[in-house]
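J.: From just these sequences and the hints, can you work out the full model?
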Amino acid sequence: MTPRISEPIRKKPVWIGFIVLFALINPWYFPAGISSYLIMGVPLWALITLLASLALSVFITWVVLTQWHTDSDEIYGDHNKRNGSREE
Amino acid sequence: MEIELAFSGWSGVFVLALYGFLMLAVGVYAFLRNRGMRESLDEYYLGGRGLGVMVLFFTFFATQYSGNTVIGYPPTTYRMGYQYLVSVPFFIMIIMVYLFFAPRLYALGRRFSLLTPVDWIEMRFRSKRISILAAILMLYGLGNYMLEQFVAIGQGVSGLTGGTIPYQVGVVFFIIIMVAYSWLGGMRSVAWTDTIQGLALLFGVFTLLIGSLYYFGGFSAAAEQMQLSSPEKLNPPDGQGLTRWFSLLLLVGIGAAIYPHAVQRIFSAKSEHALKRSFIRMAYMPFLTAGVVFMVGIIGISAFPGLSTAESEQLVGMMANALANQNTFFYWAMVLLFGGVIAAIVSTADSVLLTFSSIVSNDLYGRYIRPDASEHQKVLAGKLVGLVAVAVLIVIAWYPPATLYQIFVLKFELLIQTAPALVLGLYWTRLNSQSVFAGMLAGAVFAGVLTFMGYRPLGIYSGLWGLLLNVGICVGGTLLSSADASAQRHARSVIALSN
Numbered sequence: 001m002t003p004r005i006s007e008p009i010r011k012k013p014v015w016i017g018f019i020v021l022f023a024l025i026n027p028w029y030f031p032a033g034i035s036s037y038l039i040m041g042v043p044l045w046a047l048i049t050l051l052a053s054l055a056l057s058v059f060i061t062w063v064v065l066t067q068w069h070t071d072s073d074e075i076y077g078d079h080n081k082r083n084g085s086r087e088e
Numbered sequence: 089m090e091i092e093l094a095f096s097g098w099s100g101v102f103v104l105a106l107y108g109f110l111m112l113a114v115g116v117y118a119f120l121r122n123r124g125m126r127e128s129l130d131e132y133y134l135g136g137r138g139l140g141v142m143v144l145f146f147t148f149f150a151t152q153y154s155g156n157t158v159i160g161y162p163p164t165t166y167r168m169g170y171q172y173l174v175s176v177p178f179f180i181m182i183i184m185v186y187l188f189f190a191p192r193l194y195a196l197g198r199r200f201s202l203l204t205p206v207d208w209i210e211m212r213f214r215s216k217r218i219s220i221l222a223a224i225l226m227l228y229g230l231g232n233y234m235l236e237q238f239v240a241i242g243q244g245v246s247g248l249t250g251g252t253i254p255y256q257v258g259v260v261f262f263i264i265i266m267v268a269y270s271w272l273g274g275m276r277s278v279a280w281t282d283t284i285q286g287l288a289l290l291f292g293v294f295t296l297l298i299g300s301l302y303y304f305g306g307f308s309a310a311a312e313q314m315q316l317s318s319p320e321k322l323n324p325p326d327g328q329g330l331t332r333w334f335s336l337l338l339l340v341g342i343g344a345a346i347y348p349h350a351v352q353r354i355f356s357a358k359s360e361h362a363l364k365r366s367f368i369r370m371a372y373m374p375f376l377t378a379g380v381v382f383m384v385g386i387i388g389i390s391a392f393p394g395l396s397t398a399e400s401e402q403l404v405g406m407m408a409n410a411l412a413n414q415n416t417f418f419y420w421a422m423v424l425l426f427g428g429v430i431a432a433i434v435s436t437a438d439s440v441l442l443t444f445s446s447i448v449s450n451d452l453y454g455r456y457i458r459p460d461a462s463e464h465q466k467v468l469a470g471k472l473v474g475l476v477a478v479a480v481l482i483v484i485a486w487y488p489p490a491t492l493y494q495i496f497v498l499k500f501e502l503l504i505q506t507a508p509a510l511v512l513g514l515y516w517t518r519l520n521s522q523s524v525f526a527g528m529l530a531g532a533v534f535a536g537v538l539t540f541m542g543y544r545p546l547g548i549y550s551g552l553w554g555l556l557l558n559v560g561i562c563v564g565g566t567l568l569s570s571a572d573a574s575a576q577r578h579a580r581s582v583i584a585l586s587n
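So the protein sequences, as listed, match chains R and U.
For the first sequence, counting from 1, position 47 maps to 47 in this note's numbering; every step adds exactly one.
Numbers given in this note's numbering equal positions in the second sequence, counted from 1, plus 88.
These aren't lab readings, by the way, just hints derived from the structure by calculation.
Backbone N, C-alpha and C define an ideal beta-carbon position, used for all residues, glycine too.
Incorrect hints may appear among the rest.
Partial chain R-side listing against chain U, Cβ under 8 Å, derived [as the list claims (entries may be wrong)]: (1) Phe30; (2) Leu38; (3) Val42; (4) Ala46; (5) Ser53; (6) Leu56; (7) Val63; (8) Val64; (9) Thr70; (10) Asp71; (11) Asp73; (12) Tyr76.
T.: See the structure below:
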């Protein structure tokens with residue numbers, strides 16, 4: 001059986017997700033005067049930026065779990081059982 | 089950035105001695121468990137490529153977050169207010185950048201038993217000058233990185249013990265401990281001590297946050313203080329501030345992900361599964377570490393209003409001092425916090441030293457000076473050159489030069505210039521080696537010159553300008569003239585994921 005190989009860098013949704021989230025973690029999109037909105041003493045814009053950062057972490061989790069798969073674990077298994085000699 | 093903690097003194101000495109003893113014990117344990125280890129490069133520098141999820145995660149964590157995160161970030165937050173919130177997403181960026189190259193680099197690392205980032209560059213381009221230039225840039229950047237950690241150890245130790253242990257004694261004591269456990273156990277003891285060091289750091293920052301919230305008041309008090317004295321600290325960044333935010337995200341994201349000691353940790357993972365799990369955990373750590381110290385800095389604004397820039401550098405010390413005076417629990421918690429800070433600095437320095445030695449062992453001594461040497465001799469050469477480098481750096485840390493100070497500041501700026509060779513090389517078979525060499529050299533020189541001149545065009549960091557030039561030369565040069573057919577065949581054969 002040949003395992004399917006998948007790399008995040010070759011996936012369009014990964015690029016789109018990272019670009020959108022990167023845009024959101026840069027706080028350029030807030031209107032002037034936003035700093036007067038405080039929630040429990042924390043500016044609203046800061047909370048939104050933190051939320052965007054959390055969304056990036058969640059997206060990273062999704063990418064790692066679903067978009068990244070190579071055959072190295074199938075081929076090499078647990079490296080502890082091998083010695084450190086080079087193959088080439 | 090010296091922190092004076094009058095409350096500590098001998099209890100600080102006790103915690104530091106205990107901590108030193110614990111690290112040594114880990115080294116001895118790693119030595120006894122893996123006696124044949126020093127015979128093999130793989131065993132010594134990569135822990136036999138056997139790091140599982142937990143240890144791998146903590147070694148990534150303790151290497152990435154240094155004592156500076158705890159001591160240096162709250163004062164910056166104090167001065168910049170919410171505009172320094174960028175310190176949370178920039179640590180997440182590092183993991184995002186990893187995802188663009190780590191999956192393939194890990195698979196190739198397993199396939200070709202790669203040991204260092206230069207090992208990969210050599211295999212990909214088969215070019216002596218690229219490999220040597222990359223090794224020099226990495227050794228230079230790593231050396232300065234280590235120097236910075238040594239200075240921080242000395243300041244931290246003398247601060248923690250209220251001057252009971254002088255700066256120099258602190259530096260020498262911890263460096264001897266660090267070299268000893270690194271020599272005894274290689275990557276295994278570095279990674280295991282990283283686990284203890286990471287836990288100590290986490291405990292410390294959380295206690296500091298809880299204590300601060302309890303005794304100094306929460307964010308509302310801080311917001312009132314900012315509205316009164318410096319309302320701009322509540323604003324989102326604009327203009328220059330926004331450019332700074334944007335360029336910090338890129339510089340830290342790319343720079344920290346391709347740090348040679350970070351790349352080497354990818355090679356030491358036991359399996360792809362372990363690497364993936366560690367990355368997922370790392371994606372959330374910025375909230376628990378950078379986010380927590382950010383909150384401490386914000387609380388500091390109302391706890392100690394009106395500090396000058398120099399005074400604000402002592403912020404964490406002042407807050408810890410005030411908390412330690414509250415009761416016995418916080419007294420010891422704060423002593424442990426500073427133990428954790430020292431631990432975090434040592435755990436960053438030890439990883440850097442190990443990677444430094446591995447580049448000497450494998451990429452300079454083993455490849456060009458004595459290719460026929462046994463693995464044991466190569467490991468020994470790396471250890472000894474590492475020791476000489478440490479000795480030289482101690483002297484520099486002891487007598488900081490008054491002039492040419494910037495020579496010792498260049499780190500990120502130079503290290504980041506190896507990124508195009510490392511990352512573009514993974515995917516682009518047409519990439520020609522002349523352009524890679526020219527780009528790396530031009531990028532490093534350009535970034536160096538901008539740093540020396542103290543010039544930051546458009547507010548963007550010099551390392552990024554160097555990288556832009558570097559990538560421009562790599563891409564432009566390759567588009568004008570691709571690598572020849574045999575080089576492309578070779579590239580295809582080494583980057584293919586399946587045999």
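J.: Does each hint hold? Answer for all of them.
T.: Here is what the structure says about each hint:
1. Hint status for phenylalanine 30/R: holds, given a least beta-carbon distance of 5 Å to chain U, under 8 Å.
2. Taken as an interface hint, leucine 38/R checks out: its beta carbon lies about 6 Å from the nearest beta carbon of chain U, inside 8 Å.
3. Residue-level restraint check for valine 42/R holds (minimum Cβ-Cβ distance to chain U is 5 Å; threshold 8 Å).
4. Interface restraint check for alanine 46/R: the shortest CB-CB distance to chain U comes to about 5 Å, inside 8 Å, so the restraint holds.
5. Because the beta carbon of serine 53/R sits about 4 Å from the nearest beta carbon in chain U, less than 8 Å, this interface hint is met.
6. Because the beta carbon of leucine 56/R sits about 5 Å from the nearest beta carbon in chain U, less than 8 Å, this interface hint is met.
7. With its C-beta approaching chain U no nearer than about 6 Å, valine 63/R sits inside the 8 Å limit, and its interface hint holds.
8. For valine 64/R, the shortest C-beta to C-beta distance to chain U is roughly 5 Å, which falls under 8 Å, so the interface hint holds.
9. The restraint placing threonine 70/R at the interface with chain U holds, with a minimum CB-CB distance near 4 Å, inside the 8 Å limit.
10. The restraint placing aspartate 71/R at the interface with chain U holds, with a minimum CB-CB distance near 6 Å, inside the 8 Å limit.
11. A distance limit of 8 Å between C-beta atoms decides the matter here; for aspartate 73/R the minimum to chain U is near 5 Å, and the interface restraint holds.
12. Taken as an interface hint, tyrosine 76/R checks out: its beta carbon lies about 5 Å from the nearest beta carbon of chain U, inside 8 Å.
The structure agrees with every numbered hint stated previously.
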